[in-house]
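Q: Given chain F, put chain E in place with the hints provided.
Those sequence lines, one after another, are chains F and E.
With the numbering used here as the guide, the letters of the first sequence map in order to residues 1 to 492.
With the numbering used here as the guide, the letters of the second sequence map in order to residues 1 to 492.
The set of hints was computed from the structure by calculation and includes no laboratory data.
Given the structure is predicted, the values throughout are model-derived calculations rather than measurements.
There could be a bad hint or two in this list.
[Stated by the list, open to error] Straight-line alpha carbon distances no greater than 25 Å define the calculated DSS-like cross-link-like pairs of lysine-lysine that follow:
#, chain 1, residue 1, chain 2, residue 2
1, E, Lys260, F, Lys310
2, F, Lys134, E, Lys356
3, E, Lys297, F, Lys57
4, F, Lys349, F, Lys384
5, E, Lys80, F, Lys106
6, E, Lys349, E, Lys384
7, E, Lys323, F, Lys54
There are 2 protein chains.
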Amino acid sequence: MSKELTSRAEDYSQWYNELVVKAALADHSAVRGCMVIKPYGYALWENMRDQLDKMFKETGHVNAYFPLFVPKSLFEAEEKNAEGFAKECAVVTHYRLIADPENKGKLIVDPAAKLEEELIIRPTSEAIIWNTYKGWIQSYRDLPLLINQWANVVRWEMRTRLFLRTAEFLWQEGHTAHATKEEAVEETVKMLNVYASFVEEYMAVPVIKGVKTASERFAGAEDTYCIEALMQDGKALQAGTSHFLGQNFAKAFDVKFSDKNNKLEYVWATSWGVSTRLIGALIMAHSDDQGLVMPPKIAPLQVVIVPIYKGEEGKAIVDAKAKIIIEELKALGIRVKYDDNDNARPGWKFAEYELKGVPVRIALGQRDIDNNVVELARRDTKEKKSVSIDGLAVYVKALLEEIQQYIFNKALDFRTENTRKADTWDDFVKLLDEKAGFISAHWDGTPETEEKIKEQTKATIRCIPLDNEMEDGVCILSGKPSKQRVLFARAY
Amino acid sequence: MSKELTSRAEDYSQWYNELVVKAALADHSAVRGCMVIKPYGYALWENMRDQLDKMFKETGHVNAYFPLFVPKSLFEAEEKNAEGFAKECAVVTHYRLIADPENKGKLIVDPAAKLEEELIIRPTSEAIIWNTYKGWIQSYRDLPLLINQWANVVRWEMRTRLFLRTAEFLWQEGHTAHATKEEAVEETVKMLNVYASFVEEYMAVPVIKGVKTASERFAGAEDTYCIEALMQDGKALQAGTSHFLGQNFAKAFDVKFSDKNNKLEYVWATSWGVSTRLIGALIMAHSDDQGLVMPPKIAPLQVVIVPIYKGEEGKAIVDAKAKIIIEELKALGIRVKYDDNDNARPGWKFAEYELKGVPVRIALGQRDIDNNVVELARRDTKEKKSVSIDGLAVYVKALLEEIQQYIFNKALDFRTENTRKADTWDDFVKLLDEKAGFISAHWDGTPETEEKIKEQTKATIRCIPLDNEMEDGVCILSGKPSKQRVLFARAY
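Pulled out of the complex, with its shape left as it was, chain F reads as follows (with noise of 0.2 Å):
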């Protein structure tokens, strides 16, 4: 397969695509919307959720597992959650299959064998979770629960892109049950920092924190708050979400606890999750033409090391150097492969390592042995320099953080460079098709407003950012007055 990718400039939907392919993260399945998460893919999202799951953990909070299913009595029961969910569900009717008479070594579903009540397979557990909260709630004692959920989810996409939307996916969802609503808050932006966090410090993406207009809330939540990314296409890309469910869930499914008055009320609830989309994000914020650019903290591999040599003798001395800076490399904690794959040329391997984006490259030559150096290429600004082996490992790891650093601002510039304002309906919509990015503007907060300019620009509200000024203006639609500006773009 050619390693070459289409340009952004050519065709950023096209590159994605590719890239996503090509740099082995994922591949299309035989089922329709569903991924293959390759083993390149898999240790990436092994660390992003190592270390998400790290500071769950430090956050007071404790994994659990809930069934895959949902029985359609209980998804219905929180009416707004279950209209929102209903049109893209994965239904199980049936349980067993049988021979096909008609066709010997085929299978037929067993109509014997029906269910008497389907089960939803989870877009989200708000409802299997509720259901299972109140047999373990009773009193304000068995408060708060802090609860987390890494496992799968199906939700029926029609048009789906390996991460950015796939009928099935990867999350982790948290549960949350409180005594007073001010926790509960509390809680929903306390793991909305985490991962603002999360995304900004180790996948080296900046974030706008914000709440949702109402017409973007989850179903079922009375505030969504959520983190928003801008990728190199100019658009916008929702990275997290947690939610303050007020008591919906808990009146849906009557879950009430007495006070310390002995007092029955009903539970306060949030939920929040981060998916396998974060890599769609991770992807399309920093990669370029030549393929991924890793941030080093959850990059699967971080340093990779190319012999260059001739012939059995020059290997054996390559290779001995090279078994000398991996150890010391490890010793500091950095994952390093030393590619000595004698199928492909170093020049091969370059592009292939430059292709899955492995933050610093090392070519190790019999010549460059003898002057005591190595040729070290950053893949960020794949700048190449000749460094010496003698405290290699600690300039490495100094490296490491410098590039990280390094995309993190980079993304930063990009996207401070495409926040702009917007005071007229003509700017906006000139901005938006021109330069795309961020456009802070007034609006006059009703949802039929909303409506008309998604409709008439597909630019929807992204969030109201939680550190907005306040700012008398007007409504670039409607020339009402307006208090403060909101955050619009084209999203994924």
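A: The following block gives chain E in isolation, referenced to the frame of chain F:
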């Protein structure tokens, strides 16, 4: 809820069911046959998973993720495999719900959203994975493929029990592809050994490694290797299996590779898996009438410290000393909890942690502190003694190792005592009914005899042990000649 358990002698099965729920490992759910794995149970599973994952990676494997769904046409491609799982398949037939026109607020399956081809929820992933491997394997250079997946699977079981047999369960499934039969067989045995090491060294459960008879093989395998453990009621439990799949799946999915001589050959396969069922084995192998007994290496909590004090001032003294002890324990990598919850009395806590099987309990009182000691209780032997606070952490670390070994030895002794030879049919039946356990006996090697023995006694051939001695004898049922004994038991 009462902490009191039914005793093992009274009703072993009831004891198990109560223990799983009361120790908060798992709970029944609203979905038939599906369990909720509660935080304590999930923490145990995480420890098991992380250790296994490490062992898989150390033996050269990488993780990936394949779709939950298997289109029916792929599912039926390997006929024996399909036939073996057909009767327990959950089937997705529709992808949308709509409002029920006759019941406001309720939903029905949208008859217009029927899938053209039904999707099977994976009961195991050979079909979807080998269909994918077809696109990944062209040449001998692409081999071996050493991939593992951590996932949920669904097998529609009619009689379910928490952990032991549930409709949905969590597991890992390794799926490897090789250029030669020898290499595939070697991989099959290697992973069996990994499982045996894990179960013995971490779960402290001794296992017999063996090969299944033809009728007990995995559907679609040429050979199934297994590890078999003995539970305290004398029944066997299959704790893990590793399958040599020959070229069956390569042929079903047309997966060929060109070898070094450019000759096209079918690829050789293995698959191997262990599941949350292992938790059932862990419980039944070690626990007693007071509750769980957790092997320290994978115990979610290794040490619990219960403070005993009077008044605020007393608490401050105990807290301060506990803080120092906890830091010392943590510095040695010991998982410790300080339970200073003032809603429960020490005695209640003692019973609670006994029920949960925490290996070491430390009671820390004001008088103890005056004497520079703690009261330390082992969960396994229930021994209590006074131990000096000086050097406590080092003492506890060694003790945890001792407990791990003690639990294993106890289970091994139990198995040794409960593995017996039977040379006649009468002896065999008598041993089964009076003593249970493993019975080593001659069998004529035919599936017919195996089936008759099963029908008459409910005992099955658990395996032909790998380290079996050859020995002439006659089949306990048919009287026909036999070259070796096989291992019988009634099993879970």
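Q: Would you mind marking each hint as holding or not holding in the structure?
A: A quick look at each hint next to the structure:
Between the alpha carbons of Lys260 of chain E and Lys310 of chain F the distance comes to roughly 24 Å, so the proposed pair stays at or under 25 Å and holds. The straight-line distance between the Cα atoms of Lys134 of chain F and Lys356 of chain E is roughly 23 Å, inside the 25 Å bound, and the hint therefore holds. Restraint check: the Cα-Cα separation between Lys297 of chain E and Lys57 of chain F comes to about 20 Å, which is no more than 25 Å; the hinted pair holds. This hinted pair checks out: Lys349 of chain F and Lys384 of chain F have alpha carbons roughly 16 Å apart, not beyond 25 Å.
Between Lys80 of chain E and Lys106 of chain F the alpha-carbon distance is near 11 Å, which keeps this suggested pair within the 25 Å criterion. Proposed proximity of Lys349 of chain E and Lys384 of chain E is supported: the alpha carbons are some 16 Å apart, at most 25 Å. A C-alpha spacing of about 22 Å is found between Lys323 of chain E and Lys54 of chain F, which places the hinted pair at or below 25 Å, so the restraint holds.
Every hint from the earlier list agrees with this structure, and none is contradicted.
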